[in-house]
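Trainee: In case you want the letters, here they are:
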Amino acid sequence: MATASPLLDFDVAALGQKLRAREISPVELTAAYLDRIEAVDERVNSYITVTHDTARAMARLAEAEIAAGNWRGPFHGVPIGLKDLCYTKGILTTGGSKILGDFVPAHDSTVWARLAAAGAVLLGKLNLHEFAYGATSNNPHWGACHNPYDLSRIPGGSSGGSGAAIVARTAAATIGTDTGGSIRIPAACCGCVGLKQTWSRVSRYGVMPLSDSLDHTGPITRTARDAALMLNVIAGYDPHDATSSREPVPDYTSRLGGDLKGMRIGVIRELTTGVSAPVADAFNAALKQFGALGATVDEVSIPSFVEGAQVTMVVLMAEALEFHEQWMRERPQDYGHDVRSLIETSMTISAVNYVRAQRERNLMLAEALNALEKNAVLLAPAQAIPAPRIEDRSYDLVENMVRFTGPFNATGQPALSIPTGLSREGLPVAMQVIGKPFDEVTVLQVADAYERARGPLPQPEL
Amino acid sequence: MARLTAETAKAMARELYGYELSDDAAAAVANAAGAMITRSRRLGNLDLSGVQPPFGYPTLLAEAERIRKRS
Numbered sequence: 100m101a102t103a104s105p106l107l108d109f110d111v112a113a114l115g116q117k118l119r120a121r122e123i124s125p126v127e128l129t130a131a132y133l134d135r136i137e138a139v140d141e142r143v144n145s146y147i148t149v150t151h152d153t154a155r156a157m158a159r160l161a162e163a164e165i166a167a168g169n170w171r172g173p174f175h176g177v178p179i180g181l182k183d184l185c186y187t188k189g190i191l192t193t194g195g196s197k198i199l200g201d202f203v204p205a206h207d208s209t210v211w212a213r214l215a216a217a218g219a220v221l222l223g224k225l226n227l228h229e230f231a232y233g234a235t236s237n238n239p240h241w242g243a244c245h246n247p248y249d250l251s252r253i254p255g256g257s258s259g260g261s262g263a264a265i266v267a268r269t270a271a272a273t274i275g276t277d278t279g280g281s282i283r284i285p286a287a288c289c290g291c292v293g294l295k296q297t298w299s300r301v302s303r304y305g306v307m308p309l310s311d312s313l314d315h316t317g318p319i320t321r322t323a324r325d326a327a328l329m330l331n332v333i334a335g336y337d338p339h340d341a342t343s344s345r346e347p348v349p350d351y352t353s354r355l356g357g358d359l360k361g362m363r364i365g366v367i368r369e370l371t372t373g374v375s376a377p378v379a380d381a382f383n384a385a386l387k388q389f390g391a392l393g394a395t396v397d398e399v400s401i402p403s404f405v406e407g408a409q410v411t412m413v414v415l416m417a418e419a420l421e422f423h424e425q426w427m428r429e430r431p432q433d434y435g436h437d438v439r440s441l442i443e444t445s446m447t448i449s450a451v452n453y454v455r456a457q458r459e460r461n462l463m464l465a466e467a468l469n470a471l472e473k474n475a476v477l478l479a480p481a482q483a484i485p486a487p488r489i490e491d492r493s494y495d496l497v498e499n500m501v502r503f504t505g506p507f508n509a510t511g512q513p514a515l516s517i518p519t520g521l522s523r524e525g526l527p528v529a530m531q532v533i534g535k536p537f538d539e540v541t542v543l544q545v546a547d548a549y550e551r552a553r554g555p556l557p558q559p560e561l
Numbered sequence: 105m106a107r108l109t110a111e112t113a114k115a116m117a118r119e120l121y122g123y124e125l126s127d128d129a130a131a132a133v134a135n136a137a138g139a140m141i142t143r144s145r146r147l148g149n150l151d152l153s154g155v156q157p158p159f160g161y162p163t164l165l166a167e168a169e170r171i172r173k174r175s
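Residue numbers (my numbering), protein chains in the order written: chain A, 100 to 561; chain B, 105 to 175.
Isolated chain B (complex conformation) (with noise of 0.2 Å):
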């Protein structure tokens, strides 16, 4: 499993999110956090190549209009 200390569960959601965590909730982070980047790991060897995720123009398109109408 991917080890991440309670020190850098700290930072990262204080520096990422402006989060003050205590000294309990950032060691269960940590290891929790490193299930799950040792999980997440997997995606990474999914062979993805040539497919496209699920983006597309004419949603943006449609969004930007509603917005536009609604302002």
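If we strip away everything but chain A, and leave its shape as in the complex, we get (with noise of 0.2 Å):
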């Protein structure tokens, strides 16, 4: 087992105070988790790139600033890592594929722009299913990631790195991507918060697209405050992205810390059944814990849900294969067996079922929102098993995972996914947190009261 060093031990919420009083130094903190990398990844592989000279150099900045008084906010000089589907200026940005394993972006995705302008230190690239098109991360062209909690498994995906890089403690948080559940899935798998927020809250500028629609660029963190953190720097008007929203961003910390008297919160009928005993037990038991609180928990119906994950799967498939269509015809070879099979798949699917797909979305948000008309929040679990071992190839991804986190992504709204424990065999197991369209803060609310009364979980051997 790796010593790790004490300085790990902080989330976001604590290293910003810590770093604002110089209780910690920048340059101290990203040679812990430089090392930690070090020390671990050899195992995990979340990392395809590590910046080690630019991260040094970030820190030495950030250390200068916050010794001139010029602190900018709880990211200055917090170690990070990004998904790396997102651009960034000068540094390799693979997708995760063959095909563009030499390119170097020449300007930065939104989301790292605003992360570094906070003043956020970047540890380097994550590893991630080829192109995020799939949710094991088992990656062909850099390598499987692993699942801190066990090796032999799977970390979930397609942001399989930005998860596990949280638990194994190769970052203090992570940019994650989410088309049909790839922020949540692997933050299921590996016992962290990920937050996919409403559609079009943040910017997608820079960002490889896998379905124009339906993706969402957000945090993976270790817990819900931090998420908070992180959103308040990210969300907003982009004016690279004509598709992002306008609608004012709040203090998303702003409710946090509270209990949950009074609040109203339904569990979603559809998304509960065909889950295993170690998903359901934890589930139920979250749901208790939600009564201690002080909310009442009642059951409500989505009827559309029942097929929300097909739908999710058209619009995606269609829209993934109008981006990859170029190089199906110019390099097929280069594509990973299991994502080129999916673009395959992809010509099977008519314009005419694209449009339905498309035009169902509103029936499922219409539905939602009906649900959510007497409840603040929605809840769900993330996925129906925890995370499957690497080979295992006897579970179906749609079913087991994408069924349960599909649908928010075709509906945009929030959804975050939390850990709600861990199975007899020590592997997370997770539920959403579901909510209106923008409504952030209460979903964020929802999940920082349970997590707090939950506890902290075992953290894994490494």
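Hint data in this document are derived by calculation from the structure and do not stem from the laboratory.
Just to be clear, a hint being listed does not mean it is correct.
Said to hold, decoys possible - Within a straight-line C-alpha distance of at most 16 Å, the following computed EDC-like cross-link-like pairs (lysine to aspartate or glutamate) qualify:
id, chain 1, residue 1, chain 2, residue 2
1, A, Lys360, A, Asp397
2, A, Lys535, B, Glu169
3, A, Lys535, A, Glu346
4, A, Lys473, A, Asp538
5, B, Lys173, A, Glu472
6, A, Lys360, A, Asp340
Please dock the two separately framed chains into a single complex, following the hints provided.
Mentor: Written out as structure tokens, the structure reads:
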């Protein structure tokens, strides 16, 4: 087991205070993270590129600025990692692919530009499922990413490196992307918090697309509070992304720290069936916990969600085919088998079904809004099973994972994955907290209250 | 021009839409579809990188609200 620096014990909220008070040095903190990457990442494989020199230079700058009294905020001097789908100017950005194996962008993604402006330190670019098109992060080009709780298992995907790095303590916070569950699935598999905020809330500029109308870029963190702090930095209109929202950006930490007295919470009936015993047991225990926190929990029905994941998959596959079509003609041999097969399968989706799936999204959101009329948030398991073994091919990804997460890509609602405990095998299980469009404040309030009541999870031994 | 056989046109119409094409219709569809596929390939050569499709969340939200009020 690798010895870890006590500096790695602090979440972003704590780091922000200690860095500001100069109790911790950004240079020492960054060195501790780089040492940790050196010590454990050969086994976890959460990084494709570690930006040692960039990280040290950014840490030195942060140290000088804070010492001069120019503290930029809670991320100033905090070491983070980015999914290798996010453009970083002058730094290799592969998309987890062979096709872009030597691609170096000429500009930053907006999400990284905002974090950099907030003083964050870039540790590197994180491993993922090739082109974010899958949920295992078994990457044929850059190596499989491993789950820190059990290295023989997947970390989920597609943002597998972003989830694994949080619990392996090889980054204080990370950025992932989510098209059918790719933030929430790795967060669920790895035992951390993953927030897919409302579609259009965070700019997608400079993030390689998988499916334009379903893609989200968002935080993966240790706690709900850290997710709120990160969303405070990255949310907001971006002139580079015409689809980004002009809705005002609130302070996402504004309702953290309280209880849930008098709050009504709905459990989505259609998403509580077909889950394994460890997931169901922990989910039911969480429901009791909400009662103890003062909330009233009732079942709600969203009938269109029975086929919700299929709607998401039709849109996703059709839009992904449009993005990959030229490479498929010119370089099909450079795709991994599973991603190439998915793109080939996409060729059978008809234009009629694509348009109908887009229209069905309206009905799904209408039903979801009905369910939220009397409830502040909705709850559902994050997936049916704990993380499978890397070589396991016996489970159905859509049925066991995307079925639970995909509907909220179709509706664009905020959905946050939070651990509900560990299974008997010591694997994380999780639920989702789902809110009204642009009401991340309530989602984070509920997740934070539950998280404090649940208490910390045992850390994986690496 | 891309080549599509009448049998393929028949199978696609049957499997995708549950529609039975006659032999004559299938031959005409195969011919026309071949030409259309060839023309549509030009779209694949357009440089649309960084250009967003016309999809907006306000539209999705507004239509969902309208459906809710109607039901």
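Trainee: Starting from lysine 173/B, check that the Cα of glutamate 472/A is at most 16 Å away, please.
Mentor: holds, 12 Å
Trainee: Is the hinted pair lysine 535/A and glutamate 346/A satisfied, with a Cα-Cα distance of at most 16 Å?
Mentor: holds, 14 Å
Trainee: Check the hint pairing lysine 360/A with aspartate 397/A against an upper bound of 16 Å on the C-alpha distance.
Mentor: holds, 15 Å
Trainee: Taken at face value, is the distance from the CA of aspartate 538/A to the CA of lysine 473/A at most 16 Å?
Mentor: Between lysine 473/A and aspartate 538/A the Cα gap is close to 15 Å, so the pair holds against 16 Å.
Trainee: Within 16 Å, alpha carbon to alpha carbon, are lysine 360/A and aspartate 340/A?
Mentor: violated, 39 Å
Trainee: Holds or violated: lysine 535/A and glutamate 169/B, Cα atoms, limit 16 Å.
Mentor: holds, 12 Å
Hint 6 from the earlier list is the only one contradicted by this structure; the remaining hints agree with it.
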